[in-house]
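S.K.: Each chain, written out:
Protein chains: 4
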Amino acid sequence: MKNFIYDRTIHFRDTDAAGVVYFANVLAICHEAYETSLVASGIDLKSFFTGNVAVPITSAKIDFFKPMFCGDHLKVLLDSNLISADSFEIKYQIFFDGESQRAIAIAETKHTCIDSIIRKRISLSPQLLQWIKFNQ
Amino acid sequence: MKNFIYDRTIHFRDTDAAGVVYFANVLAICHEAYETSLVASGIDLKSFFTGNVAVPITSAKIDFFKPMFCGDHLKVLLDSNLISADSFEIKYQIFFDGESQRAIAIAETKHTCIDSIIRKRISLSPQLLQWIKFNQ
Amino acid sequence: MKNFIYDRTIHFRDTDAAGVVYFANVLAICHEAYETSLVASGIDLKSFFTGNVAVPITSAKIDFFKPMFCGDHLKVLLDSNLISADSFEIKYQIFFDGESQRAIAIAETKHTCIDSIIRKRISLSPQLLQWIKFNQ
Amino acid sequence: MKNFIYDRTIHFRDTDAAGVVYFANVLAICHEAYETSLVASGIDLKSFFTGNVAVPITSAKIDFFKPMFCGDHLKVLLDSNLISADSFEIKYQIFFDGESQRAIAIAETKHTCIDSIIRKRISLSPQLLQWIKFNQ
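Protein chains in written order, with numbering that gives the first Met the number 0: chain A, 0 to 135; chain B, 0 to 135; chain C, 0 to 135; chain D, 0 to 135.
Incorrect hints may appear among the rest.
Stated by the list, open to error - Using C-beta positions, here's what the derived DEER-type ranges look like:
no., chain 1, residue 1, chain 2, residue 2, range
1, D, Glu-107, C, Leu-81, 20 to 28 Å
2, B, Lys-45, D, Arg-101, 38 to 46 Å
3, D, Gln-129, A, Arg-120, 54 to 62 Å
4, A, Gln-126, B, Ala-84, 49 to 57 Å
5, B, Asp-62, A, Ser-40, 22 to 30 Å
6, D, Asp-62, C, Gly-50, 45 to 53 Å
These aren't lab readings, by the way, just hints derived from the structure by calculation. All residues carry an ideal CB built from backbone N, CA and C; glycine is no exception.
Use the sequences and the hints to build the structure in full.
M.R.: Listed below in structure tokens is the structure:
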């Protein structure tokens, strides 16, 4: 098992008036890690996210253990697993850069492959199966 | 049990290039419902979110059953429950306006009350306990 | 001349770690006012923003006179003007609710109508011309 | 004159249902370039954005020449200029990576230094003056 790793600095826009990162933005950062891992396996993002085949998120969850501040350097570790012929899950572990002992947040997203026109389930493409194999 | 109800129209900014609402933005819409319910119970948002007492979200989860499009009218039903002296949870059910039979998404957030300076747990304020009672 | 008025409360998500609204989010709030005025004139947002005719923003500007905080109630006044057969501008004035003497921000967006497939300029639809007349 | 350069890939979250980047998000990307240039000159972002000295944006403007899609690689060139003892402006030019002939967008932000408690103008710090000199 080899995790994909995404490096991310916390931007000012990610924060809120409590001075820390707004909770839902951490899920958006996880999604950036997912996109970056897709690119790393040779997938073209523009066609991936706007084509007739879509893999919408059917559920997401996240646990927060420490607050994140503007300028913090994060490492997001990602691994993906096949759930069924038409669905997969991604697990994310977020660390402060240089502190790989204790995750500051962990998250999970589930994705189902559909025909985006008729919105019916279809099997994952060979390209996505290869990406899952690459990151599991 | 009486749910707080928040009305929300999907904005263009909420959507992404797949043509539907970006997943993490639905949690942000749930948080708007939470804020609106705080105001309804007499809480001042500015001091609530920037004072020395904070109630950060420690976990969040969401399940999606139907896609949401720009212009869609939503009803977000919210109810809150005490977990312990220093924590509570909020459950959200999202419906298309006029279709109250089938939720299009359900979500949950857990919140823990802390002293935001020393970041240690403290008991929920009487004001928040009243808000929980009001929405449970 | 009659302005369209959009009421908006500042959400926690709109703010940043400086404790006030993040600058670019005020332009997003102006865009919400634009969307709401389109709906008020009978335009369906979902087809408007995803059809083969698009009216992308070609320029935007904004001046800020006072900071906005979470929970603040705003009134956004909007008026639109035809620039040419294929373009229009919108002017926005933002006030604190109940303080209509001094704007806290003013903004402007310019929009050009295009065929979104070939991305060439085309004339504004009768529907948009009617909306402009309605809000100028 | 030497421009600071910020590399940025367009994320899915940056886009909207028209399939391209949501206009206000391009200003947020410009702000990321600003933050990254501050770090490059030795400024600590966390204290910079939450201290008693703030440099809020007083105006912003942007012109768009080409649409940006999910996955596009951008180069943001930034240069800063002193306006007065307490204010400066930043100019941004955005290019597609590898196409440095024609900007796809240009933007400008103006910033005024204030005491964030009493919200009165104060002179720019030596640290910020050095950053301006570095990027002009």
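S.K.: Is it true that D:Gln-129 and A:Arg-120 lie within 54 to 62 Å of each other by Cβ?
M.R.: Holds, since D:Gln-129 and A:Arg-120 (Cβ atoms, about 58 Å apart) stay within the stated range.
S.K.: 45 to 53 Å was suggested as the range; check whether the CB atoms of D:Asp-62 and C:Gly-50 agree with it.
M.R.: Given range 45 to 53 Å: violated, Cβ gap about 25 Å.
S.K.: Take the C-beta atom of B:Lys-45 and the C-beta atom of D:Arg-101, compute their distance, and say whether it sits inside 38 to 46 Å.
M.R.: holds (45 Å)
S.K.: Does 20 to 28 Å hold as the CB distance between D:Glu-107 and C:Leu-81, or does it fail?
M.R.: holds (26 Å)
S.K.: Could you say whether the range 22 to 30 Å given as a hint is met by the Cβ separation of B:Asp-62 and A:Ser-40?
M.R.: holds (27 Å)
S.K.: Verify the CB-CB distance for A:Gln-126 and B:Ala-84 against the hinted window 49 to 57 Å.
M.R.: 51 Å Cβ-Cβ, so the 49 to 57 Å window holds.
Checked against the numbered hints given earlier, this structure breaks only hint 6.
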